[in-house]
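2 protein chains.
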Amino acid sequence: LVGELRPGDVIGFTFFTGYMAMFAASIFFFLERSQVEGHWKTSLTISGLITMIAAVHYFYMRDQYLASGQSPTEFRYIDWTLTVPLMCVEFYMIIKPFGGKVSTMWKLIAYSVWMLVFGYVGESLDRPSSALWGAVSTLGYVGILYEIYLGDVKKIAVASNDASTLKAVSLLRWFVLVGWAIYPIGYMLIPGGLLSGLSLNIDLVYNIGDAINKIGFGLVVYSAAVANSQAHH
Amino acid sequence: LVGELRPGDVIGFTFFTGYMAMFAASIFFFLERSQVEGHWKTSLTISGLITMIAAVHYFYMRDQYLASGQSPTEFRYIDWTLTVPLMCVEFYMIIKPFGGKVSTMWKLIAYSVWMLVFGYVGESLDRPSSALWGAVSTLGYVGILYEIYLGDVKKIAVASNDASTLKAVSLLRWFVLVGWAIYPIGYMLIPGGLLSGLSLNIDLVYNIGDAINKIGFGLVVYSAAVANSQAHH
Ligand SMILES: CC1=C(/C=C/C(C)=C/C=C/C(C)=C/C=O)C(C)(C)CCC1
Ligand SMILES: CC1=C(/C=C/C(C)=C/C=C/C(C)=C/C=O)C(C)(C)CCC1
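Residue numbers (this note's numbering), protein chains in the order written: chain A, 1 to 233; chain B, 1 to 233.
Hints listed in this document are in silico derivations from the structure and should not be mistaken for laboratory results.
Backbone N, C-alpha and C define an ideal beta-carbon position, used for all residues, glycine too.
Hints are supplied without guarantee of correctness; some may be wrong.
Beta-carbon label-pair distances, calculated as ranges [stated by the list, open to error]:
1) A:175 / B:113: 19 to 25 Å
2) B:167 / A:125: 37 to 43 Å
3) A:69 / B:124: 23 to 29 Å
4) B:6 / A:131: 33 to 39 Å
5) B:6 / A:197: 26 to 32 Å
6) A:27 / B:124: 40 to 46 Å
7) A:223 / B:113: 47 to 53 Å
In the DSS-like style, the derived pairs of lysine-lysine whose C-alpha atoms are separated by at most 25 Å in a straight line are [stated by the list, open to error]:
8) B:167 / A:101
9) B:96 / A:96
10) A:167 / A:96
11) A:107 / B:167
12) A:101 / A:155
Some chain A residues flagged as far from chain B (calculated, every beta-carbon gap over 10 Å) [claimed, not checked]:
13) 6
14) 7
15) 16
16) 41
17) 53
18) 110
19) 166
20) 177
21) 194
22) 209
23) 211
24) 216
Starting from the given sequences, assemble the full structure and let the hints guide the process.
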């Protein structure tokens, strides 16, 4: 630790909790991998990678935050660049046994790259026009929502006729709709953003979002994996 | 971390993403190794070694880059000295069950040592003559291309009559032809090089090349391993 955690530092508190929770979640997913069957093992590997990648970045963010009272936006995007596509892979893994196509996965990944590239431009490179870039970025987010609520993912989940697949997909969808919506809120808190009037800390918002979306998302995949592995025994 | 990641530092961004992606890929290959059969396990071990070796070097390159704004060329060659021969081993592993010979592997390794030794001379020891050394180095690259497109590797892949082997070899070949061609482009960006006029950062080019060639290459091997293990069940 370069800096020091001071009493009353709530944001520092969430950086520590976030780091530890991500780390613990990774160990959980990697170890419990042996409890599930077949392709669900790969799903748990990916859940574990998502939280492990986050743990490493929380480690750096926490250090830089303790040392300087700030954490550069870049770390968030470095993290998302890797974890959001992995979440798209999770959707694909779940629908694959029922005829899910790789092209669906690439569509989801393309939408998320679009979302993240323009978000990064607005949040780091061109803040004065952040509202515009945010709107462009949101098109990618809407694209993802379309695919999972109305497009390919939805159709295959319905056609699967498999209760646990259907349940997993509809829970994960809810994460994307409600949980992921926390990030644009954080984005609008940057100086000059639509919500910059609120005295809410952007790191606090992102830390809460990550806990829900990375660990929660992974736990849903884990439950589906366990349910499914028991059903097929 | 010795230095600090500054907002808007795109190259620093790719060093971080590269490090994390290599690290995550290694864990993926090592864990998923248990999902495939027989000699494919060894192939995944090697895929994981390639990305793990890269992760360690990215760790050092990133640190030196953050501290000084530069990353010495030596790290690239240290990495390639180990990873390129391992990729030659991957080709051999795939054709071995169909009569691939160890001598083919040694031929590929000899060509890559030639390529790397003269590339290093031109990029680090004798920059004024970099064009000449680059040309000499390219002979090694052409030798590899010859072996995999027309020589031993091609012949055995065709004779194997095995669809997934054929598909893996032709995908991996494409990586060598198109993906590896990114490196000579980076090489020509050094001061005095043929492309030094372009305002393109050499580390950016090499970082992109590595992501494609190490992780992408490994994932192709992984897909072949999964397809093949299922077919033989
Ligand atoms: C729509 C939108 C955004 C959405 C970001 C999202 C949805 C990020 C999700 C991250 C996740 C799920 C990480 C978990 O591992 C940005 C880029 C803030 C820019 C403003 C518009
Ligand atoms: C042809 C040529 C080169 C080729 C380098 C290559 C092809 C490197 C491949 C590296 C890989 C695949 C690493 C991944 O792990 C050099 C040495 C730049 C020198 C200029 C001529």
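Each hint, compared with the structure:
Taking 19 to 25 Å as the suggested C-beta distance range, the pair residue 175 of chain A and residue 113 of chain B does not conform, at roughly 50 Å. In this structure the supplied range 37 to 43 Å holds for residue 167 of chain B paired with residue 125 of chain A, their Cβ-Cβ distance being about 41 Å. Between residue 69 of chain A and residue 124 of chain B the C-beta distance comes to about 41 Å, which lies outside the given range of 23 to 29 Å. Distance hint check for residue 6 of chain B and residue 131 of chain A: the Cβ-Cβ separation is about 24 Å, which falls outside the suggested range of 33 to 39 Å.
Taking the beta carbon of each, residue 6 of chain B and residue 197 of chain A are about 28 Å apart, inside 26 to 32 Å as hinted. Taking the beta carbon of each, residue 27 of chain A and residue 124 of chain B are about 42 Å apart, inside 40 to 46 Å as hinted. In this structure, residue 223 of chain A and residue 113 of chain B meet the distance hint of 47 to 53 Å, their C-beta atoms being roughly 51 Å apart. Between residue 167 of chain B and residue 101 of chain A the alpha-carbon distance is near 18 Å, which keeps this suggested pair within the 25 Å criterion.
Note on residue 96 of chain B and residue 96 of chain A: the hinted pairing is violated, with a Cα-Cα distance of about 31 Å set against a maximum of 25 Å. A C-alpha spacing of about 15 Å is found between residue 167 of chain A and residue 96 of chain A, which places the hinted pair at or below 25 Å, so the restraint holds. About 23 Å separates the Cα atoms of residue 107 of chain A and residue 167 of chain B, which keeps this hinted pair within 25 Å; it holds. Proximity of residue 101 of chain A to residue 155 of chain A is assessed by CA-CA distance (about 12 Å); at most 25 Å being required, the pair is judged to hold.
Every beta carbon of chain B lies more than 10 Å from that of residue 6 of chain A, the smallest distance being close to 21 Å; the non-interface claim holds. At roughly 26 Å, the least C-beta separation between residue 7 of chain A and chain B is larger than 10 Å, which holds for a residue marked as non-interface. Every Cβ of chain B is farther than 10 Å from the Cβ of residue 16 of chain A; the closest lies at roughly 18 Å, confirming the non-interface assignment. Consistency note on residue 41 of chain A: stated as away from chain B, yet its beta-carbon is not over 10 Å from all of that chain's, at 6 Å minimum.
Consistency note on residue 53 of chain A: stated as away from chain B, yet its beta-carbon is not over 10 Å from all of that chain's, at 6 Å minimum. Residue 110 of chain A, annotated as away from the interface, keeps every beta carbon of chain B farther than 10 Å; the closest lies near 16 Å. Distance check for residue 166 of chain A against chain B: the nearest CB is about 25 Å away, which clears 10 Å, and the non-interface claim stands. At roughly 26 Å, the least C-beta separation between residue 177 of chain A and chain B is larger than 10 Å, which holds for a residue marked as non-interface.
With a closest Cβ-Cβ approach of about 21 Å to chain B, residue 194 of chain A is found to remain outside the 10 Å limit, as its non-interface label requires. Here residue 209 of chain A stays apart from chain B, with its beta-carbon at least about 19 Å from theirs, past the 10 Å limit. With a cut of 10 Å on Cβ distances, residue 211 of chain A stays outside the contact zone with chain B, its closest approach being about 19 Å. Against chain B, the non-interface label of residue 216 of chain A holds: every CB pair exceeds 10 Å, the least being about 20 Å.
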